[in-house]
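A.B. asks: So the protein sequences, as listed, match chains A and B.
According to my numbering, the first sequence holds residues 841 to 958 in order.
According to my numbering, the second sequence holds residues 841 to 958 in order.
There are no misleading hints in this set.
Given that identical chains are not distinguished, each listed pair holds provided it fits within a single copy or across any two copies.
Keeping only pairs whose Cα atoms sit at most 27 Å apart, straight-line, the calculated DSS-like set for lysine-lysine is:
(1) K927 with K899
(2) K902 with K927
(3) K882 with K927
Quick caveat, the hints were computed from the structure, so don't treat them as lab data.
On a predicted model such as this, the values are computed, not experimentally measured, just so you know.
Protein chains: 2
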Amino acid sequence: MASRWYTIVVDAANPALMARFWAAVLDYQIVFEQPDEVVIAKDTETYPGIIFVPVPEAKTAKNRLHIDLNPDNQDAEVARLLALGAKRVDVGQSGEVTWVVLADPEGNEFCVLTAREQ
Amino acid sequence: MASRWYTIVVDAANPALMARFWAAVLDYQIVFEQPDEVVIAKDTETYPGIIFVPVPEAKTAKNRLHIDLNPDNQDAEVARLLALGAKRVDVGQSGEVTWVVLADPEGNEFCVLTAREQ
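For reference, chain A alone in the conformation it holds in the complex (with noise of 0.2 Å):
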């Protein structure tokens, strides 16, 4: 027997407000808040959904892992997400990639895909 895939762990100075932030991005429910920990999903039966904790040490280098989102359409979610509180970054993605690098309110890249079927 494999493991279920349970949940997205990301480490945070602010989870409540980057549970805020990714809940909005997401159309996701805060399912439980404490101060060490912050759960959000698209509903209590959903997994996984994103947990939010918090850690000491600041973000130092580019993530190892990232969200990649389906958009329906790709320049209005930017412009949607660029109001939310995320920025757009360079982490050496060319001029012609189809996608959109930005990062969270903590600097966590993550892309905004070329709307498709889902």
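Fit chain B to the given chain A structure using the hints.
C.D. replies: Relative to chain A, chain B alone:
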């Protein structure tokens, strides 16, 4: 409209090797494979899956994002994962936490939780 969470992307020195490790961990299939991208998923209809992409740089710090696994039996699953090539790592967890911290073949930390309902 929010974005849908499409996938997790993992930077890798050896995407083919890493995809096979994680496919074995999660009982996922390799659903796409090219030198610059290897994709695993539960099946071709289920997202998020995991995409492994080659990067030139090595891992330099504890990951800000990590995967938590929900096993049927924690001890048995840890033994299975160690046999697959995982290693125990110390990220500062105390001896009293209920989860086991392992790292994949390229050092990405992940946790095996105690078994829980899902």
